[in-house]
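So the sequences go chain by chain: X and G. Using full-length UniProt numbering, the first residue of the first sequence is number 1, and each one after it goes up by one. Using full-length UniProt numbering, the first residue of the second sequence is number 1, and each one after it goes up by one.
Possibly wrong hints are sitting among the right ones.
Straight line, CA to CA, 30 Å or less: simulated BS3-like cross-link-like pairs of lysine-lysine [to be verified]:
hint : chain 1 : residue 1 : chain 2 : residue 2
1    : X       : Lys-107   : X       : Lys-182
2    : G       : Lys-84    : G       : Lys-317
3    : G       : Lys-13    : X       : Lys-135
4    : X       : Lys-183   : X       : Lys-107
5    : X       : Lys-135   : X       : Lys-107
6    : X       : Lys-135   : G       : Lys-317
Everything labelled a hint here was simulated from the structure, so no lab data went into it.
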Amino acid sequence: MSNTPLLEVRGLNAWYGESHVLHGVDLDIQEGETVTLLGRNGAGKTTTLRAIMGILRRREGVLRLRGQDLLGLPLHRVAQTGLGYVPEERGIFASLSVAENLMLPPKVAENGMSVEEIYQLFPNLHERRTSQGTKLSGGEQQMLAIARILRTGATVLLLDEPTEGLAPVIVQRIGDVLVALKKRGMTILLVEQNFRFARKVADRFYLMEDGRMVNSFPGHQLDANMDQLHEVLGV
Amino acid sequence: MTVETQYLSAQPKLRATTTVLGAIAIAALLVAPFVVYPIFLMSVLCFALFACAFNLLIGYVGLLSFGHATFFGGAAYFTAHAVKVWGWEPLSGILLGAAGAAALGFVVGFLAIRRQGIYFAMITLALGQMFAFICLQVPFTHGEDGIQGVPRGHLLGFIDLNEPLAMYYVTLAIFLFGFFAIWRIVNSPFGNILKAIRENERRAVSLGYRVDRYKLGAFVMSAALAGLAGGTKAIVFQFATLTDVQWQMSGEVILMTLLGGIGTLVGPAIGAGLVLALQNYLAASDFPVTVLIGIIFVVCVLLFRRGIAGEVMEFFKTRFNRST
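Work out the full structure, taking the sequences as your base and the hints as a guide.
Now the structure itself:
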């Protein structure tokens with residue numbers, strides 16, 4: 001592993017109004033790595049992503065991408081640094097068609113996927129390219145939410161519970177997509193409750209509880225940490 | 001047939017229907033002055049363009065401006081002054097009006113887009129009131145009298161606009177130009193970003209857009225097109241008065257757009273036609289027009305919220321989906 005991480009989070013604190021929700025979160029992601037954040041509902045996983053993106057504005061600590069400070073950036077500039085955020089609610093624009101949703105986010109780098117490549121990776125989206133955003137199934141919405149970030153050339157993908165509420169066959173499909181993206185060298189920060197899904201793609205795990213990082217271990221040590229996982233996740 | 005192929009096959013049918021309807025509408029507008037009083041038609045066209053321009057903001061960006069009379073009436077003053085006092089040719093006078101409205105739009109928009117919802121509406125209303133007061137006070141607008149007796153002149157030096165038919169077709173051409181411009185804006189990538197902002201502003205920002213710039217851009221475009229309508233109206237009616245800059249005018253354009261259908265392309269034009277027709281044909285009767293328009297407005301809000309065009313489109317959409 002190289003020494004300087006691509007995304008570096010040190011002692012990140014964040015607040016929702018008056019309530020202090022992240023307590024000194026540390027997180028490193030190397031280039032090309034897939035890291036999964038595990039934790040129970042309300043542990044602060046989504047909040048961590050939102051704080052990294054700057055959607056949650058009240059935060060302190062160190063937040064760097066390729067050494068560039070992210071804390072001082074206005075919200076619209078964060079996407080331009082190469083961070084692509086796929087929120088849990090997917091954020092598909094209902095009044096736009098699939099193709100329009102795909103073309104909407106501005107390009108942040110030249111090496112993004114072409115529309116043809118995206119349609120190859122997601123054949124369903126090609127079939128449904130003229131459909132309105134509202135007429136998509138949950139799985140299609142999730143794929144579209146990922147696909148439109150891929151076109152922008154973002155180098156780090158922040159994925160919030162991409163499998164939530166989806167049928168097993170779609171979950172499988174999304175797992176395949178993540179593996180394919182990993183092969184292309186994409187760096188992925190994945191928030192997941194379903195560690196059986198996450199173990200297929202994750203190089204490393206972080207475990208969160210009550211707004212703090214309580215453990216981190218490489219992917220192959222998942223079984224060795226099962227006791228703590230069961231305790232923290234309550235599964 | 002799968003759902004997908006059904007949807008695709010419905011699309012060209014829908015597009016063909018729209019093209020046919022558009023062609024019929026244009027043909028009707030071409031022969032209309034031989035059937036209906038041309039001056040009335042021209043005022044409908046001017047207000048229709050004004051309402052369509054207003055709808056660009058409320059319908060596609062979700063910004064309710066309560067001060068659009070500033071751009072409509074301001075442009076009317078600019079055009080009237082340029083043509084009457086400076087002796088400008090009418091088309092350049094109208095374009096000056098639109099440019100002036102765009103400049104006003106930049107100032108008002110720059111100050112107003114920082115706030116959302118009711119606060120945005122209040123700021124535009126306040127600035128609109130300020131502008132109306134300025135128009136009352138400065139010498140070139142001639143206060144309560146307004147600028148009267150604006151010569152229609154010769155368009156580009158050779159089309160005599162004193163001919164009612166010539167004036168009508170020029171007004172129609174300007175309306176169609178403005179309408180086409182709005183259609184292009186709404187269906188461009190820029191328009192898609194506007195719709196995304198309307199739907200979820202925060203999400204659009206986090207995708208990497210400076211939404212303030214897009215909102216300001218849309219505001220200036222809307223103001224310029226409203227100005228195009230206002231300048232044309234000054235030439236058609238040969239005067240510019242305080243009526244056009246006052247808040248009642250801002251209210252009227254909101255009413256027209258709501259009645260016709262917010263967020264539909266033709267809705268505001270239909271709404272403008274309806275309101276003006278009621279005002280025109282009931283003016284001679286004893287029945288108070290404002291009461292009737294008020295009743296229609298209440299019925300509209302209670303029964304068909306999408307407005308006339310919105311309801312009709314919804315009806316056809318469900319029919320299309322069922323028949324295929």
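Hint-by-hint comparison with the structure:
{"no.": "1", "hint": "X/Lys-107 to X/Lys-182", "in the structure": "20 Å, holds"}
{"no.": "2", "hint": "G/Lys-84 to G/Lys-317", "in the structure": "49 Å, violated"}
{"no.": "3", "hint": "G/Lys-13 to X/Lys-135", "in the structure": "19 Å, holds"}
{"no.": "4", "hint": "X/Lys-183 to X/Lys-107", "in the structure": "22 Å, holds"}
{"no.": "5", "hint": "X/Lys-135 to X/Lys-107", "in the structure": "26 Å, holds"}
{"no.": "6", "hint": "X/Lys-135 to G/Lys-317", "in the structure": "14 Å, holds"}
Hint 2 alone, counting from the list given before, is not met by this structure.
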